[in-house]
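Peer 1: Sequence:
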Amino acid sequence: MYFGIVRVLIVVVFLYLMWRNMRDDYHDKELIKFSWSILLVFFLGGRLLYGLFNWGVWNENWLDWVLVWVVPGFSYLGGYLSVLIYTVFSVNKYEWKLWNVLEDLSIIFTLFILALLISEFSFSGWTMEGLGRIISLAMVLILASMVSGKYRSFNWYYSGKKGFLFFWINGWYSFIGLGMLFWLNQPLWMKLLYLTWNLLSVIGLFILGDVVRLLKIKNKKIVNESK
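The letter at position 39 of the sequence shown is residue 39 when you use UniProt numbering, and the numbering goes up by one with no holes.
It is worth saying that the hints were derived from the structure and are not from the lab.
Just so we're clear, the structure is a prediction, and the values are computed from it rather than from any experiment.
From the three backbone atoms N, C-alpha and C, an ideal C-beta is built for every residue, glycine too.
Check each hint, because a few of them may be wrong.
[To be verified] Straight-line alpha carbon distances no greater than 27 Å define the calculated DSS-like cross-link-like pairs of lysine-lysine that follow:
{"hint": "1", "residue 1": "161", "residue 2": "93"}
{"hint": "2", "residue 1": "93", "residue 2": "191"}
{"hint": "3", "residue 1": "93", "residue 2": "29"}
{"hint": "4", "residue 1": "93", "residue 2": "162"}
{"hint": "5", "residue 1": "150", "residue 2": "161"}
{"hint": "6", "residue 1": "29", "residue 2": "162"}
{"hint": "7", "residue 1": "162", "residue 2": "97"}
{"hint": "8", "residue 1": "33", "residue 2": "97"}
{"hint": "9", "residue 1": "191", "residue 2": "97"}
{"hint": "10", "residue 1": "150", "residue 2": "162"}
{"hint": "11", "residue 1": "150", "residue 2": "33"}
{"hint": "12", "residue 1": "150", "residue 2": "93"}
{"hint": "13", "residue 1": "29", "residue 2": "191"}
{"hint": "14", "residue 1": "97", "residue 2": "150"}
[To be verified] For each label pair, taking beta carbons as the anchor points, the in silico distance ranges come out as:
{"hint": "15", "residue 1": "122", "residue 2": "54", "range": "21 to 27 Å"}
{"hint": "16", "residue 1": "13", "residue 2": "98", "range": "24 to 30 Å"}
{"hint": "17", "residue 1": "81", "residue 2": "202", "range": "39 to 45 Å"}
{"hint": "18", "residue 1": "21", "residue 2": "128", "range": "31 to 37 Å"}
{"hint": "19", "residue 1": "122", "residue 2": "97", "range": "35 to 41 Å"}
{"hint": "20", "residue 1": "52", "residue 2": "186", "range": "16 to 22 Å"}
{"hint": "21", "residue 1": "131", "residue 2": "154", "range": "30 to 36 Å"}
{"hint": "22", "residue 1": "24", "residue 2": "184", "range": "39 to 45 Å"}
{"hint": "23", "residue 1": "60", "residue 2": "196", "range": "19 to 25 Å"}
{"hint": "24", "residue 1": "131", "residue 2": "98", "range": "31 to 37 Å"}
{"hint": "25", "residue 1": "97", "residue 2": "150", "range": "17 to 23 Å"}
{"hint": "26", "residue 1": "21", "residue 2": "60", "range": "38 to 44 Å"}
{"hint": "27", "residue 1": "179", "residue 2": "123", "range": "26 to 32 Å"}
{"hint": "28", "residue 1": "188", "residue 2": "21", "range": "37 to 43 Å"}
Could you build all of it, start to finish, from the sequences and the hints given here?
Peer 2: Here it is, written out as structure tokens:
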């Protein structure tokens, strides 16, 4: 019972932070609808992926698939990917800019997942894997807060576009998470998944930041100065 109450409070705080931090750039009705939608997608997607990867765990009662607050079992990675896919396909409906939404959502959603993880392991018992996840997310939030609002002044981030925090958070989390996987001696496929995740984040950051163009400009300048 207390576990469910804590999770409801976490959801309420998440919805409030979404509204407080994004209300100036988005219409209230659309923002509220989007916030509730990603919550639903997150819990359903995480639950579904966990059930598929652990097939048979809820076969005795099919209602267990949807009883998120009562029956344990959830894939946070599955929930996160579900929200990401939903966001990509829903921004056109609201006429929003994808990178702006992902930027504005990044820190709030990371904090939301961190709160859920802390509540889960506080009630179910701490494990090395759970502690590793929490430490990883906490470190990522610290790194994100250090550059939030400052990255446009980075010389190497030429474009200055929004979306930096999205790739920054994903890049650091996948990098730290990869180290945790080696430390906990997790399966090879998980290590490859996190490595791919990290590479995609770094590539995305370089493309969004127009780093290649910056290098071309600098090389051209060096050539002109040498003449």
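Peer 1: Flag every earlier hint the structure violates by its number, smallest first.
Peer 2: Result: hints 2, 9, 11, 12, 13, 17, 23 break, sorted rising.
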